[in-house]
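*Asks:* Under UniProt numbering, think of the first position of the sequence shown as 1, with each following residue one higher.
In case anyone wonders, no lab produced these hints; they're calculated from the structure. Where a beta carbon is used, it is the ideal one built from N, C-alpha and C, also for glycine. Hints are not guaranteed to be accurate.
As the list claims (entries may be wrong) - What follows is a set of in silico ranges between Cβ atoms, one per label pair, in the way DEER data are often shown:
#, residue 1, residue 2, range
1, Lys-4, Gly-43, 27 to 33 Å
2, Gly-43, Gly-63, 25 to 31 Å
3, Phe-42, Asp-3, 29 to 35 Å
4, Val-41, Asp-61, 28 to 34 Å
5, Gly-43, Ala-64, 26 to 32 Å
6, Lys-4, Ser-35, 18 to 24 Å
7, Lys-4, Phe-42, 15 to 21 Å
8, Asp-29, Asp-68, 16 to 22 Å
9, Thr-39, Asp-16, 16 to 22 Å
10, Leu-62, Asp-26, 17 to 23 Å
11, Gly-63, Phe-42, 15 to 21 Å
12, Phe-42, Leu-62, 27 to 33 Å
13, Ala-64, Phe-42, 16 to 22 Å
14, Val-67, Val-41, 27 to 33 Å
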Amino acid sequence: MQDKKQQGTCRWFSKDKGYGFIVSADGKDIFVHYSSIQTEVFGRKTLNENDKVEFTVKEGDLGAQAVDVVVVNE
Numbered sequence: 001m002q003d004k005k006q007q008g009t010c011r012w013f014s015k016d017k018g019y020g021f022i023v024s025a026d027g028k029d030i031f032v033h034y035s036s037i038q039t040e041v042f043g044r045k046t047l048n049e050n051d052k053v054e055f056t057v058k059e060g061d062l063g064a065q066a067v068d069v070v071v072v073n074e
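Please build the complete structure, drawing on both the sequences and the hints.
*Replies:* Below, the structure is given as C-alpha cells:
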C-alpha cells in the first residue's frame, strides 16, 4: 500500500456509472470511483478524459483504487 501522492491521467470516466480509470505515471490502470474525487465541476464529482490528476493508491478487495483524487489541469 502506498500513501504518497502520485500523478496520472484520466483514461476514461463514465458520468452515468460513476467510475472510470486513471493511468498512473508508471503506466498502470487504477480504478477510480466518483466518491474519491475531491474536485467538483458544477456540483458533480467527475473527471474528463485526459484530465491530469493527483491521487493516492489504496489496495482494496478488488485491487488498487485511487483515493483523494484532485484534478491538476493548468
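*Asks:* Evaluate the given range 16 to 22 Å for the C-beta pair formed by Ala-64 and Phe-42.
*Replies:* At roughly 29 Å between Cβ atoms, Phe-42 and Ala-64 fall outside 16 to 22 Å, so the hint is violated.
*Asks:* Look at the Cβ atoms of Leu-62 and Asp-26 and judge whether their distance stays inside 17 to 23 Å.
*Replies:* Holds: the Cβ-Cβ distance is about 20 Å, inside 17 to 23 Å.
*Asks:* Can the suggested window of 27 to 33 Å be confirmed for the beta-carbon pair Val-67 and Val-41?
*Replies:* Violated, at about 19 Å.
*Asks:* The hint says 25 to 31 Å between Gly-43 and Gly-63; measuring C-beta to C-beta, is that right?
*Replies:* holds (30 Å)
*Asks:* For the range 15 to 21 Å, tell me whether the beta carbons of Lys-4 and Phe-42 fit it or not.
*Replies:* violated (31 Å)
*Asks:* Lying within 27 to 33 Å: is that true of the beta-carbon distance Lys-4 to Gly-43?
*Replies:* Because 30 Å falls inside the window, the suggested range holds.
*Asks:* Regarding Gly-63 and Phe-42, is the given constraint of 15 to 21 Å on their beta-carbon distance met?
*Replies:* Between Gly-63 and Phe-42, where Cβ atoms are some 31 Å apart, the hint is violated.
*Asks:* Does 18 to 24 Å hold as the CB distance between Lys-4 and Ser-35, or does it fail?
*Replies:* holds (21 Å)
*Asks:* State, for the Cβ atoms of Phe-42 and Leu-62, whether the hinted interval 27 to 33 Å holds or is violated.
*Replies:* Since the Cβ atoms of Phe-42 and Leu-62 sit about 30 Å apart, the hinted range of 27 to 33 Å holds.
*Asks:* Given a hinted range of 29 to 35 Å, is it respected by the beta-carbon distance of Phe-42 and Asp-3?
*Replies:* holds (31 Å)
*Asks:* Within 16 to 22 Å or not, the Cβ separation of Asp-29 and Asp-68?
*Replies:* holds (18 Å)
*Asks:* Taking 26 to 32 Å as the hint, is the beta-carbon distance of Gly-43 and Ala-64 inside that range?
*Replies:* With Cβ atoms ~28 Å apart, the hint holds.
Violated hints for the displayed structure, listed by number in ascending order: 7, 11, 13 and 14.
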